[in-house]
Amino acid sequence: MSDDTENHGIPAPEGASDVIETEYSVGQDNIETQIGPFGLDIHNPVFMISGLAIVVFVFYTLALPEQAGSVFSWLFDTVTKSFDWFFLSAANIFVLFCLLLIVTPVGSVRLGGAEARPDYGYIGWFAMLFAAGMGIGLMFYGVSEPLTHFGTSLGGVTVGENGVRTDWAPLGGAEGDVIAAERLGFAATIFHWGLHPWAIYAVVALALALFSYNKGLPLTIRSAFYPILGERVWGWWGHVIDVLAVFATLFGLATSLGFGATQANAGLNELFGVPIGSTTQVLLISGITAIALVSVLRGLDGGVKVLSEINMGLAFLLLLFVLLVGPTLATLTGFVDYLGAYLQHLPALSNPVGREDLNFEQGWTSFYWAWWISWSPFVGMFIARVSRGRTVREFIVCVLLIPSLVCILWMSVFGGVAVDQVVSDGYTAAQDAPLELKLFKMLAELPLAGITSIIGIVLVIVFFVTSSDSGSLVIDTITAGGKVDAPVPQRVFWCIFEGAVAIVLLLSAGGLASLQSMVISTGLPFTIVLLVMCVAIWRGLMAERRS
Amino acid sequence: MFRHIMAPVDLAHAGRIEAALKTTGELARHYGARVTYVAVHGSEPGSVAHTPEEFASKLGAFAAAEAERHGIETAAHDVVSHDPAVDLDDKLLAAADEIGADLIAMASHVPGLADHLWPSNGGKIARHAKVSTFIIRGL
Numbered sequence: 015m016s017d018d019t020e021n022h023g024i025p026a027p028e029g030a031s032d033v034i035e036t037e038y039s040v041g042q043d044n045i046e047t048q049i050g051p052f053g054l055d056i057h058n059p060v061f062m063i064s065g066l067a068i069v070v071f072v073f074y075t076l077a078l079p080e081q082a083g084s085v086f087s088w089l090f091d092t093v094t095k096s097f098d099w100f101f102l103s104a105a106n107i108f109v110l111f112c113l114l115l116i117v118t119p120v121g122s123v124r125l126g127g128a129e130a131r132p133d134y135g136y137i138g139w140f141a142m143l144f145a146a147g148m149g150i151g152l153m154f155y156g157v158s159e160p161l162t163h164f165g166t167s168l169g170g171v172t173v174g175e176n177g178v179r180t181d182w183a184p185l186g187g188a189e190g191d192v193i194a195a196e197r198l199g200f201a202a203t204i205f206h207w208g209l210h211p212w213a214i215y216a217v218v219a220l221a222l223a224l225f226s227y228n229k230g231l232p233l234t235i236r237s238a239f240y241p242i243l244g245e246r247v248w249g250w251w252g253h254v255i256d257v258l259a260v261f262a263t264l265f266g267l268a269t270s271l272g273f274g275a276t277q278a279n280a281g282l283n284e285l286f287g288v289p290i291g292s293t294t295q296v297l298l299i300s301g302i303t304a305i306a307l308v309s310v311l312r313g314l315d316g317g318v319k320v321l322s323e324i325n326m327g328l329a330f331l332l333l334l335f336v337l338l339v340g341p342t343l344a345t346l347t348g349f350v351d352y353l354g355a356y357l358q359h360l361p362a363l364s365n366p367v368g369r370e371d372l373n374f375e376q377g378w379t380s381f382y383w384a385w386w387i388s389w390s391p392f393v394g395m396f397i398a399r400v401s402r403g404r405t406v407r408e409f410i411v412c413v414l415l416i417p418s419l420v421c422i423l424w425m426s427v428f429g430g431v432a433v434d435q436v437v438s439d440g441y442t443a444a445q446d447a448p449l450e451l452k453l454f455k456m457l458a459e460l461p462l463a464g465i466t467s468i469i470g471i472v473l474v475i476v477f478f479v480t481s482s483d484s485g486s487l488v489i490d491t492i493t494a495g496g497k498v499d500a501p502v503p504q505r506v507f508w509c510i511f512e513g514a515v516a517i518v519l520l521l522s523a524g525g526l527a528s529l530q531s532m533v534i535s536t537g538l539p540f541t542i543v544l545l546v547m548c549v550a551i552w553r554g555l556m557a558e559r560r561s
Numbered sequence: 016m017f018r019h020i021m022a023p024v025d026l027a028h029a030g031r032i033e034a035a036l037k038t039t040g041e042l043a044r045h046y047g048a049r050v051t052y053v054a055v056h057g058s059e060p061g062s063v064a065h066t067p068e069e070f071a072s073k074l075g076a077f078a079a080a081e082a083e084r085h086g087i088e089t090a091a092h093d094v095v096s097h098d099p100a101v102d103l104d105d106k107l108l109a110a111a112d113e114i115g116a117d118l119i120a121m122a123s124h125v126p127g128l129a130d131h132l133w134p135s136n137g138g139k140i141a142r143h144a145k146v147s148t149f150i151i152r153g154l
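Residue numbers (our numbering), protein chains in the order written: chain L, 15 to 561; chain P, 16 to 154.
Chain L on its own, in the form it takes in the complex (with noise of 0.2 angstroms):
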């Protein structure tokens, strides 16, 4: 008992894994009951309450929508403007802490025991993290966010009237030299999509992944405050945390499903001239909620899993693509060039006070930082849903590592060969374009443009697809207080009500803006939440066995 005491209730290894000794079980705060014809297994505060404060705030929205945009973008320029420094210290820390865990001895425990067994090959595991990691991103920053970066650094800094910087380029920017902003201009795009993210991502779903697997804790976002919370955790302060969790999702999915609609309506408008309006804007919505409801009752293996090998490979292929019509060589060299670039700016990209780049710092930066953190309990969850049985170390490297060094390719590519584009051929299309079509008329200029830009369009809506289906599946994880057998048709109702409040919204005007504001503010709670994920998960790493 002594070592119960001293580990915060977290029992000494014993065995090949010892679960924490708690009173609750998992589904004992459950409903199991028929509505009409389907059955439900659901944690009721946790349900209900998330259903509700989804639907009212859809409503708030809509009856007030000028009073919710502004209170929403009060919110966000509060969260991103005032709480820059914490953003940055905090993914730092998180960068910091996974690093650590690779080169400390705990890097050896195994989740699930010593004994367990991955239950996804390589190859699988790392299509579906990364589908749910970033792949829509990636299709539509790839070409945008390096050309923006770059043009800023070349444009330099411009002081306004009160001494403070107008321009919008990261650090001291890289006026008139070209190669200088190029260099700076990957280097900070790299930053926003390289280990900072793929780091926040990595320690909640390792936080999750220890207490489920290894502490025989409920998959569900509140098991990682045991060490700190005890048995509260079973109460209100989970009860909060798990409903955070749920909103931030469902509004963070229905918000990306409204905008990704606009986005391909525009793509298919350059493309094959279908009209722009919401009625094409709302049958991309079905369409999209539809194939993931299909692949919602093909399962984890039949759905998602097939639909991220199918995407991973496309997206190889593409990137194959490009890279081989493009500058191939110089593209290389520049993915090397790059990545150096981004390790020699690094310090002071990350740095979080006494900047003077502020609009890069607060409108790019501390924005991202904020994004990734609204999506890590979503995408946390779902990397924790098929780690299972992988060591410590071998989840670090597979989660931060390897996905940052694909990011930094991708973006070396795409980015690369638009940026080659500008400065060498004077093609500014891509630059000039909105960026829903930067990919698009970026792809124009090279060859076979017809067929690439297909696939680029195909990628789009297979990651839609995607994100509703994994989203659904841990939505309705989190509010079957952590079971993963209840019923599909739950299940089914996530995934069309995600597309129903993404239609309702894109209906409205600005609607989807200010909800999207409001989603992004809540990484400021989170980045608390994941904070405390770390001292968690270091309590749980000290006291398994090592192999």
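Check each hint, because a few of them may be wrong.
[Unchecked claim] Per label pair, the in silico range of CB-to-CB distance:
| hint | chain 1 | residue 1 | chain 2 | residue 2 | range |
| --- | --- | --- | --- | --- | --- |
| 1 | P | Arg142 | L | Gly244 | 31 to 41 angstroms |
| 2 | P | Gly75 | L | Met556 | 25 to 35 angstroms |
| 3 | L | Ala67 | P | His45 | 51 to 61 angstroms |
| 4 | L | Ile469 | P | Lys37 | 55 to 65 angstroms |
| 5 | P | Gly75 | L | Ile116 | 52 to 62 angstroms |
| 6 | P | Gly30 | L | Asp91 | 37 to 47 angstroms |
| 7 | L | Trp251 | P | His45 | 51 to 61 angstroms |
| 8 | P | Ala29 | L | Val296 | 42 to 52 angstroms |
| 9 | L | Gly377 | P | Arg142 | 50 to 60 angstroms |
| 10 | P | Gly75 | L | Ser39 | 54 to 64 angstroms |
[What the hints assert, rightly or not] Which chain L residues stay away from chain P? Per the calculated CB distances, all over 12 angstroms, these:
| hint | residue |
| --- | --- |
| 11 | Pro119 |
| 12 | Tyr134 |
| 13 | Asp181 |
| 14 | Thr234 |
| 15 | Ser237 |
| 16 | Asp499 |
[Claimed, not checked] A few chain L residues facing chain P, derived, Cβ under 8 angstroms:
| hint | residue |
| --- | --- |
| 17 | Asn58 |
| 18 | Val308 |
| 19 | Arg312 |
| 20 | Asp315 |
| 21 | Lys497 |
| 22 | Val546 |
Don't read these hints as lab results, they were simulated from the structure.
Ideal Cβ positions, reconstructed from N, Cα and C, are used throughout, including at glycine.
We have chain L already, so just place chain P on it with the hints.
Coordinates of chain P only, in the frame set by chain L:
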């Protein structure tokens, strides 16, 4: 006539399938058949067990208790699934092949309108199993 009966069970709701368990026990005694209790579960902690190992040992204990109760020979076979809610039927069908059962005896509810849209587990097993299937309506 039957030598090996597969009895799919849901340990979280063992009380609800009593009619099926009793019938299975009687069938086994009548034919002198062996019963293998099969359960499909995820590797995540659930209401029955914290770990897959604990689940397997609970299923083993359940099978032993049924052997005692009905005076029959029993075994336990647990199947770990990545997504038990969706994969249940396919895993059960595969388990029937794997253990070489010649009869499946399982509980199911009385079909209603919803079964046209969402077939019951028992319904799907009966439709696809290669061996005889005995559905015991108890719910």
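Results for each hint:
1. The hint said 31 to 41 angstroms for the Cβ distance between Arg142/P and Gly244/L, and at roughly 49 angstroms that hint is violated.
2. Remark: the range hint 25 to 35 angstroms for Gly75/P to Met556/L is upheld by a beta-carbon distance near 33 angstroms.
3. Distance hint check for Ala67/L and His45/P: the Cβ-Cβ separation is about 56 angstroms, which falls inside the suggested range of 51 to 61 angstroms.
4. With their beta carbons about 58 angstroms apart, Ile469/L and Lys37/P fall inside the hinted range of 55 to 65 angstroms.
5. Between Gly75/P and Ile116/L, the C-beta spacing of about 39 angstroms breaks the proposed range 52 to 62 angstroms.
6. Take Gly30/P and Asp91/L: their Cβ atoms lie about 56 angstroms apart, and the range 37 to 47 angstroms is violated.
7. In this structure the supplied range 51 to 61 angstroms holds for Trp251/L paired with His45/P, their Cβ-Cβ distance being about 55 angstroms.
8. Here the CB-CB span from Ala29/P to Val296/L is close to 47 angstroms, well matched to the stated 42 to 52 angstroms.
9. Roughly 59 angstroms separates the CB atoms of Gly377/L and Arg142/P, a value that falls within the hinted 50 to 60 angstroms.
10. For Gly75/P paired with Ser39/L, a C-beta distance near 20 angstroms fails the hint of 54 to 64 angstroms.
11. The beta carbon of Pro119/L sits about 23 angstroms from the closest Cβ of chain P, which is more than 12 angstroms, so the claim that it is off the interface holds.
12. The claim that Tyr134/L lies off the interface is violated: its Cβ sits roughly 8 angstroms from the closest Cβ of chain P, which falls inside the 12 angstroms cut-off.
13. Listed as a non-interface residue, Asp181/L keeps its Cβ farther than 12 angstroms from every Cβ of chain P; the least gap is roughly 50 angstroms.
14. Distance to chain P contradicts Thr234/L as a non-interface residue, since its nearest Cβ pair spans about 10 angstroms, not more than 12 angstroms.
15. Its beta-carbon lying about 9 angstroms from the closest one in chain P, Ser237/L breaks the requirement of being farther than 12 angstroms from that chain.
16. The non-interface label for Asp499/L is inconsistent with chain P: the shortest C-beta to C-beta separation is roughly 4 angstroms, within 12 angstroms.
17. Taken as an interface hint, Asn58/L does not check out: its beta carbon lies about 15 angstroms from the nearest beta carbon of chain P, beyond 8 angstroms.
18. A hinted interface residue such as Val308/L counts as satisfied when its beta carbon comes closer than 8 angstroms to some beta carbon of chain P; here the least separation is about 12 angstroms, so the hint is violated.
19. The interface hint given for Arg312/L holds, since its Cβ lies 7 angstroms from the closest Cβ of chain P, which is under the 8 angstroms cut-off.
20. Of the supplied interface hints, the one on Asp315/L holds, with its beta-carbon coming within about 5 angstroms of a beta-carbon of chain P, less than 8 angstroms.
21. For Lys497/L, the interface hint holds, the least distance from its beta-carbon to any beta-carbon of chain P being 6 angstroms, beneath 8 angstroms.
22. The beta carbon of Val546/L comes no nearer than 21 angstroms to any beta carbon in chain P, farther than 8 angstroms, and the hint placing it at the interface is violated.
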